[in-house]
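Produce the entire structure from the sequences given, and follow the hints as far as they go.
Protein sequences, first through last, are from chains A and B. The numbering of the first sequence is the working numbering, which starts it at 1 and goes up by one. The numbering of the second sequence is the working numbering, which starts it at 1 and goes up by one.
What the hints contain is simulated information worked out from the structure, not anything from laboratory work. Hints should not be assumed to be uniformly reliable.
In silico lysine-lysine, DSS-like type, Cα no more than 25 Å apart, as pairs [to be verified]:
#	chain 1	residue 1	chain 2	residue 2
1	B	193	B	165
2	B	165	A	42
3	B	360	A	22
4	B	378	B	405
5	B	358	B	234
6	B	412	A	22
7	A	22	B	324
Listed below are the residues making up each chain.
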Amino acid sequence: MGSAGLARLQGLFAVYKPPGLKWLHLRDTVERQLLNGLNAGKPPAPEQRVRFLLGPVEGSEKKELMLTATSVPSLTTHRLVRGPAFTSLKIGVGHRLDVQASGVLVLGVGHGCRLLTDMYDAHFTKHVSREKLDRILAVIQGSHQKALVMYSNLDLQSQEAYEMAVGGMLRPMNKSPMLITGIRCLHFEPPEFLLEVQCMHETQQQLRKLVHEIGLELKSSAICRQVRRTRDGFFTLDDALLRTQWDLHSIQDAIQDAAPRVVAELRKNLRSGVDSQQLPSAEQPQHSKGPSSTVQGGSCAKH
Amino acid sequence: MALSAQQIPRWFNSIKLSSFINSVQLTKRFPRAGQTLSHGFSAPTQSSSDNCCLRWGFKTYWTSSSRNSSQDADSSRQESSAAHHTLLPCGSEHSGRMPSGDSELPLEEMDDLFPVSPLQPVSEEEAALISAHASLPAASFTLRDYVDHSETLQQLVLLGVDLSKIEKHPDAANLLLRLDFEKDIKQTLLFLKDLGLEDNQLGAFLTKNYAIFSEDLENLQIRVAYLQSKNFSKADITQMVRNAPFLLNFSVERLDNRLGFFQKELQLSVKKTRDLVVRLPRLLTGSLEPVKENMKVYRLEFGFKCNEVQHMITRIPKMLTANKKKLTETFDYVHNVMSIPHHIIVRFPQVFNTRLFKIKERHQFLTYLGRAQYDPAKPNYISLDKLVSIPDRVFCREIAKASEKDFEKFLKTL
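So this is what it looks like as structure tokens:
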């Protein structure tokens, strides 16, 4: 069971990280659950050792002692002597999420860890994030229209910034500061609003800072209540496994489901990475794919 | 018929010769190889019982018979004293196979007497009788190397003791290797069986408490007698020993102190203290500091009254040893966020025994559905034990009246 199970446990899968849990603890928990599943299999049959024992040879008149090869059971490979068959697994984490953030977290097992680096480097990941902080009760004054206009202004500004970046100052391939490729407001009921941000190379702190700056632009203050990643690459919320599903079989099934998409994505990245001029055009289809990140916050007005 | 110079080269180290002739009669006819040697075997050698650590270069002794022995002179088995190899002490020895008295000849003299060469031809029978085993390592980090050669270890494995955990403690591993199963271990096992431990529970017990082999049997019996004098029934003692394997390693004085401490600190009656200790015997074996701290936390920080704390502890003894940080977080959420007053928490102390994320998820789901009603006076009341103690499926069906898919979707929006 063990080695067969391990063979099916190579690849990428997505996990839903709840808020309040460190990503490292999550990774350790998943590793522990997988090891429990792998070690729970049937123990192998006891090994035999061949020993040459002196024994009387039948049919001999002289009653000589000859060495005969006999199979003697050996306890060296017994489960209680050797210990558990699997003691550690290589599990890697994709883009990290901090303690308060929640959402889709991509993990790689075994050979999948290598795929993680490939995806990180060569991929235009549309991150989805939603930040969460303490909530401040506030009332916004001003018109809906003005607020929405402000949002779209920001949107444009982000776009301009991004285009400048693509123009040659920053390459998204390397470690770059957060690039927002799209931002829009999902719904807005004072004092709460829900933002959706499509970005790359972001950290959750920068997203929270973004919300704060939005508030300042509106001449009031805004605080980010929660950051939630709803998409990472092609892993969506539907693919993410909840805490109750962090066991061997569910993870194996998830890896099998995601495998063809991973292959397709890597192939596409390799192709698009070859020709740099195609990069902007490669962006377009992903814009229209749908909302990928949401930022929720509250704002207050101080007039 | 010349005297066949039959010599066993000195390299056949591991030949076990169980009988030798005392007298050495040497012929100096051939200065190089002039002796006839015969070997006698009194019993078939047990080459499977390699219980000695062998080292290169230890001495083989053989004596020569009278010079009239021919090649097949094995019939002249002269058994006087049985000689054996000397066992050089190594890192781990096995008892039970002490070398019998050997008639030694200093090796240097033997060199002078009959120098041997490794290229001397050897007869078929002698070749077959050579047992060339790999010698046991003198020191090892794992018991795997010794398990096939030690009856003690084999019996322990068959009982269910997890050697892979014991070998992490080098003192314990050395102790077990040197013990003899018949003499030492059997007595302790019989004692444990008398206590009431089943065969299949012995393995788990011994894995945790291997130190019981170094305790005196009398002391163990005195401690059991003490517990019985305190009106613990036999079944109670069995359960306590099973759940807290180190219990019987504590002296009578220490057990007495601990029992006294719990009775004084918790201010419970004798019977209730006894029930508490039987339910959670690791109170007696663990440290007392966390218990004192938790009692202060309940009284001063949470604001429970003495009798409320007593009630909660008799229901859930684990609260005494819980982690202080987790307790504070749970209480903070339950009391301040869910707005549940003290008297209801006292009625359902299970909330302190569940994981915080479970409480949070379920409470947030109920709030989202509008069913978060924890006041018994009002309708649609949801009791706290139903909130935490039932499995997810039942919770979704009965309490939240929603499907499991909805619950999962909601969890992904948190």
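Hints, one by one, checked against the model:
no.	hint	verdict
1	B/193 to B/165	23 Å, holds
2	B/165 to A/42	20 Å, holds
3	B/360 to A/22	17 Å, holds
4	B/378 to B/405	29 Å, violated
5	B/358 to B/234	39 Å, violated
6	B/412 to A/22	17 Å, holds
7	A/22 to B/324	20 Å, holds
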